[in-house]
Amino acid sequence: MDEFTDLKRTERVRNRTLDDVSKVFEKNAWDDVEWNDEQKQAAVEKVNFNSATPLSEEDSRDYLLNAGKHWESFYKKHNDQFFKLRKWLDSEFPEILEANSRLVESGNESDERVVVFETGCGAGSTVLPLLECVKKSFVYCCDFSEAAIALLKSRPQYDPAVCNAFVADLTEDSTDHWPVQPNSVDFVIMLFTLSAIRPEKMPAVIAHLVKFLKPGGQIFFRDYGQYDLAQLRFKPAQCAGENLYVRQDGTLAYFFTQEEVRNLFTNAGLKEEQNALDKRLIVNRKRNLLMHRMWIQCKFSKPKP
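Residues 1 to 305 (the UniProt record's numbering) make up the sequence shown, in order.
Worth flagging that the hints you see were computed from the coordinates, not collected in a lab.
A portion of the hints provided could be inaccurate.
Cut-off 30 angstroms, straight-line C-alpha distance, at most; resulting in silico cross-link-like pairs (DSSO-like, lysine-lysine) [to be verified]:
no.	residue 1	residue 2
1	LYS271	LYS304
2	LYS46	LYS27
3	LYS304	LYS135
4	LYS135	LYS153
5	LYS214	LYS235
6	LYS201	LYS211
7	LYS279	LYS40
8	LYS27	LYS40
9	LYS201	LYS135
10	LYS304	LYS211
11	LYS40	LYS286
12	LYS286	LYS27
13	LYS286	LYS211
14	LYS201	LYS235
15	LYS136	LYS214
16	LYS46	LYS235
17	LYS214	LYS271
18	LYS201	LYS279
19	LYS286	LYS235
20	LYS279	LYS235
21	LYS201	LYS286
22	LYS23	LYS214
23	LYS304	LYS136
24	LYS46	LYS286
25	LYS304	LYS235
26	LYS214	LYS304
27	LYS27	LYS279
If you anchor each label on the Cβ, the simulated ranges turn out as follows [stated by the list, open to error]:
no.	residue 1	residue 2	range
28	VAL24	GLU242	39 to 45 angstroms
29	ASP37	VAL167	46 to 52 angstroms
30	LEU277	THR53	34 to 40 angstroms
We treat Cβ as the ideally placed atom computed from N, Cα and C, and that holds for glycine.
Build out the structure end to end from the sequences listed, making use of the hints.
Okay, structure coming up:
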């Protein structure tokens, strides 16, 4: 799960084009790096080889049905030290800041706020930077893990006047007991959340979130793309299904294609605004390593009547 470190370490610009491979170690990352045919074939063969030895049916059932338990263990072990603060949100999803600016510039003294709902918030790696830079916001956020929510609420930046963090299983059938109201949210944030959920549950999760969105509201999605380095690093007997894996700590990781993501969200009635494959070449100059990352970043909006 080093994608968060990679994102924090690299500059948040998109003009780092690798035109001369002899200069690859001059920067710590390059954008839109295409694979050659040999690299593509090697990735396919690696995935096929690992998938040929799947998890046992019994182990697979345990991991798929008890995802919350494994995330609880994860946060009890790592506390809030594993994921770095995501301070790149303003460059990737500027719509939130723009909505905040419109409220500030209007001079309206009312209690109106930009309402954000983050799913899979963990210990606050997205929520805390968001609260810092979006002053006219109210943020709902939820996570599988009671330990993660407790960690977030213990942070000095957490203020219940502008943030409501709660424990929730996104895959549960009813959300009536959640504090979020239907048609009340301007922006939903899903960063590396959907990949931790069983594929057959994904449509229901998205349907829940669409219900909370205001007409015209947006969902911001970022997650693993198929053949990402993290997928290629898995070993045989860690595969629980097509493009679905179980990490050593028992948590799930699914690797998406752009078409899959498009279908999941548009079938829920949303309009696709962005669907980009972020093909990043991460350079570790100290260790002389080149690492190909594949992330899918999308924006979907809820149509107005």
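Right, here's what the structure says about each hint:
1. Between LYS271 and LYS304 the alpha-carbon distance is near 10 angstroms, which keeps this suggested pair within the 30 angstroms criterion.
2. Between LYS46 and LYS27 the alpha-carbon distance is near 28 angstroms, which keeps this suggested pair within the 30 angstroms criterion.
3. Our distance criterion of 30 angstroms between C-alpha atoms is met by LYS304 and LYS135, whose separation comes to about 26 angstroms.
4. For a cut-off of 30 angstroms, the pair hint linking LYS135 to LYS153 stands: about 18 angstroms separates their Cα positions.
5. About 43 angstroms separates the Cα atoms of LYS214 and LYS235, which puts this hinted pair outside 30 angstroms; it is violated.
6. Taking the CA atoms of LYS201 and LYS211, the gap is near 16 angstroms; set against the 30 angstroms cutoff, the hint holds.
7. Between LYS279 and LYS40 the CA atoms are separated by roughly 13 angstroms; this keeps the pair inside 30 angstroms, and the hint holds.
8. Of the pairs offered as hints, the one joining LYS27 and LYS40 holds, with about 24 angstroms between alpha carbons and a cut-off of 30 angstroms not exceeded.
9. Restraint check: the Cα-Cα separation between LYS201 and LYS135 comes to about 34 angstroms, which exceeds 30 angstroms; the hinted pair is violated.
10. A distance of roughly 13 angstroms separates the Cα atoms of LYS304 and LYS211; the hinted pair therefore holds under the 30 angstroms criterion.
11. Distance hint between LYS40 and LYS286 is fulfilled; the C-alpha atoms sit about 26 angstroms from each other, no more than 30 angstroms.
12. With a CA separation close to 12 angstroms, the supplied pair LYS286 and LYS27 stays within the 30 angstroms bound.
13. With a CA separation close to 47 angstroms, the supplied pair LYS286 and LYS211 exceeds the 30 angstroms bound.
14. Among the hinted pairs, LYS201 with LYS235 is consistent with the structure: their alpha-carbon atoms are about 25 angstroms apart, no more than 30 angstroms.
15. Between LYS136 and LYS214 the alpha-carbon distance is near 17 angstroms, which keeps this suggested pair within the 30 angstroms criterion.
16. In summary, the hint linking LYS46 to LYS235 is supported, as the alpha carbons are separated by about 9 angstroms, within the 30 angstroms threshold.
17. With a CA separation close to 13 angstroms, the supplied pair LYS214 and LYS271 stays within the 30 angstroms bound.
18. For a cut-off of 30 angstroms, the pair hint linking LYS201 to LYS279 stands: about 27 angstroms separates their Cα positions.
19. Taking the CA atoms of LYS286 and LYS235, the gap is about 26 angstroms. The hint holds against a cut of 30 angstroms.
20. Of the supplied pair hints, the one linking LYS279 and LYS235 holds, its CA atoms being roughly 23 angstroms apart against a limit of 30 angstroms.
21. The hinted pair formed by LYS201 and LYS286 fails the criterion: a straight-line CA distance of about 41 angstroms is larger than 30 angstroms.
22. The straight-line distance between the Cα atoms of LYS23 and LYS214 is roughly 47 angstroms, outside the 30 angstroms bound, and the hint therefore fails.
23. Simply put, LYS304 and LYS136 have alpha-carbon atoms about 23 angstroms apart, close enough for the 30 angstroms limit, and the pair holds.
24. As the CA atoms of LYS46 and LYS286 are separated by approximately 26 angstroms, the hinted pair is consistent with the 30 angstroms bound.
25. Note on LYS304 and LYS235: the hinted pairing is violated, with a Cα-Cα distance of about 46 angstroms set against a maximum of 30 angstroms.
26. The hinted pair formed by LYS214 and LYS304 meets the criterion: a straight-line CA distance of about 8 angstroms does not exceed 30 angstroms.
27. Between LYS27 and LYS279, the direct Cα distance comes to roughly 15 angstroms. Compliance with the 30 angstroms bound is thereby established for this hinted pair.
28. The hint said 39 to 45 angstroms for the Cβ distance between VAL24 and GLU242, and at roughly 33 angstroms that hint is violated.
29. Distance hint for ASP37 and VAL167: a CB-CB separation of about 47 angstroms, consistent with the stated range 46 to 52 angstroms.
30. The hinted range of 34 to 40 angstroms is not satisfied by LEU277 and THR53, whose Cβ atoms lie roughly 28 angstroms apart.
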